[in-house]
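Make a model of the complete structure from these sequences and hints.
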Amino acid sequence: MSRSSVSAMNWEARFKSDTPTLIQSGKNGKSRTGALALDSDNEDQDITMASASESNSARARPVSVAPELYIQDDESPLSQLTKHWMNERHAPDILPAQEELLASLLDHIRRQSEAVQLLRGEPSASEEEHIRIMLVQMEVERVKFIVRSYVRTRLFKIEKFARFIMTDATIQTRITTAERAHASRHAHLTDRHFHNSVLQSLPETQSHLDDTPIFMPPMITKPDETRPVFVHALRDCPPIRFHE
Amino acid sequence: MSLPQSLRTSVTPPELELIASQQLIEIIPLIAVEKTAFISGAFGPLQPPRKAQIPLWMAINLKLKKKCHIVAPEWLSVEFLQSRLDEEINEPGFSKLPFRYAEVSKLLLDVAPDDIQSTDKIRYLLKDLREARQAKSREGVDQINRGELSLSNLCSMEINEIRPFFVHAMGILTHLHRDASAEDQP
Numbered sequence: 001m002s003r004s005s006v007s008a009m010n011w012e013a014r015f016k017s018d019t020p021t022l023i024q025s026g027k028n029g030k031s032r033t034g035a036l037a038l039d040s041d042n043e044d045q046d047i048t049m050a051s052a053s054e055s056n057s058a059r060a061r062p063v064s065v066a067p068e069l070y071i072q073d074d075e076s077p078l079s080q081l082t083k084h085w086m087n088e089r090h091a092p093d094i095l096p097a098q099e100e101l102l103a104s105l106l107d108h109i110r111r112q113s114e115a116v117q118l119l120r121g122e123p124s125a126s127e128e129e130h131i132r133i134m135l136v137q138m139e140v141e142r143v144k145f146i147v148r149s150y151v152r153t154r155l156f157k158i159e160k161f162a163r164f165i166m167t168d169a170t171i172q173t174r175i176t177t178a179e180r181a182h183a184s185r186h187a188h189l190t191d192r193h194f195h196n197s198v199l200q201s202l203p204e205t206q207s208h209l210d211d212t213p214i215f216m217p218p219m220i221t222k223p224d225e226t227r228p229v230f231v232h233a234l235r236d237c238p239p240i241r242f243h244e
Numbered sequence: 245m246s247l248p249q250s251l252r253t254s255v256t257p258p259e260l261e262l263i264a265s266q267q268l269i270e271i272i273p274l275i276a277v278e279k280t281a282f283i284s285g286a287f288g289p290l291q292p293p294r295k296a297q298i299p300l301w302m303a304i305n306l307k308l309k310k311k312c313h314i315v316a317p318e319w320l321s322v323e324f325l326q327s328r329l330d331e332e333i334n335e336p337g338f339s340k341l342p343f344r345y346a347e348v349s350k351l352l353l354d355v356a357p358d359d360i361q362s363t364d365k366i367r368y369l370l371k372d373l374r375e376a377r378q379a380k381s382r383e384g385v386d387q388i389n390r391g392e393l394s395l396s397n398l399c400s401m402e403i404n405e406i407r408p409f410f411v412h413a414m415g416i417l418t419h420l421h422r423d424a425s426a427e428d429q430p
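As given, the protein sequences belong to chains G and Y, one line each in that order.
The first sequence begins at 1 in the working numbering and counts up by one.
The second sequence begins at 245 in the working numbering and counts up by one.
Honestly, I wouldn't trust all of these hints.
With a cut-off of at most 25 angstroms between alpha-carbon atoms, the simulated DSS-like pairs for lysine-lysine come out as follows [stated by the list, open to error]: (1) Y/Lys350 - Y/Lys340; (2) Y/Lys380 - Y/Lys307; (3) Y/Lys310 - Y/Lys350; (4) Y/Lys295 - Y/Lys279; (5) Y/Lys279 - G/Lys144; (6) Y/Lys310 - Y/Lys295; (7) Y/Lys307 - G/Lys144; (8) G/Lys144 - Y/Lys309; (9) Y/Lys365 - Y/Lys350.
Residues from chain Y shown here face chain G by an in silico Cβ test under 8 angstroms; the list is partial [to be verified]: (10) Ser246; (11) Pro257; (12) Leu262; (13) Ile263; (14) Ile272; (15) Leu274; (16) Val277; (17) Thr280; (18) Phe282; (19) Trp301; (20) Ile304; (21) Lys311; (22) Arg407; (23) Pro408; (24) Val411; (25) Thr418.
If the Cβ cut is set under 8 angstroms, some of the chain Y residues that face chain G in the computed set are [claimed, not checked]: (26) Val255; (27) Thr256; (28) Ile403.
It is worth saying that the hints were derived from the structure and are not from the lab.
Please read these numbers as outputs of a predicted model, since none were measured by experiment.
Backbone N, C-alpha and C fix where the C-beta goes; we use that ideal spot for every residue, glycine too.
Structure representation (structure tokens):
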């Protein structure tokens, strides 16, 4: 089943019409209002708001819209990253990588830090000047925190799903080359560790890591595509209905 | 571990506060600062006593150094909150409050109580509002099903509070449903 994701979600504070909705990803048609778009291919996001409610089951295919489409151009890279950060934190699956955005922010952080270093060297700086420098520096720290938390969230998911990532081509399109290399190394290392410590002493039929015994959960950890997420619609929109 | 256990199910209130403090707020500066380019945009120039819009975190920082007065947002007033509280008590739905009212009001009441009128009354009202809304969101538990649940006007802190439980409960309902339908079709 598809994970429905709403794009446009965002927890951006909008005074108007915020209606958070808890939706079940992908299952069961129900109408939700407000939520902007469901993307059957992307992950789920949390928090979205939708507006009114009525729930009739109905059929309408989730419209496939990449979440990025809903991030307005006039938003600063920082607020875009903050949204991606929150989405990543709440989505069960790995969301598309934001390489460019991240690169431009890291670049900006570097430029700001260099400017601070330069200004600090001036002995004649006034009190106002000190406050400016301090504020800029403080912002750099805040942005670094968000960047780190974002990257760590992805890292956590990548390690958790490492073996699955190696077997699934779709998920590989959403991660960067570096992330893919990390997943591969991680999967390889854990495999070898398990093999050396336990599996090699077991009978041939039980010594694999990808068995699919019946009545048992599969051995490869996969993203839980049925986990519900909160969706937060940013503007009023007609009810969105889920396809069964 | 790349992501500590405590951060895996939901974000924490301090993280929400960090996000909320990126919002702009009006201040009356007490010092002059030139226009400065920040990562989130250019702010300034600050020229007392002219009002200026700057991010909340910056305002808090300046306030702590006694370099500005914060202009309390319109909704952080007794009249506004009282009317929302009345609505909250008399209407079945959630009343409309700023999405991050909880975070912003806490920050402002902590840092700039002297810039806000009748803070005690506001604190009571916020607490009453919170309790009334919390009671409603608990009632929402009855309505959880495996489909969807629409909670209009719920705020970020409140969503964060109910998220782990609601997500888990809905997940279980889905599993139960799936197992039942799997048995129907041999």
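Hint check, failures only
2, 11, 14, 15, 20, 23 and 27
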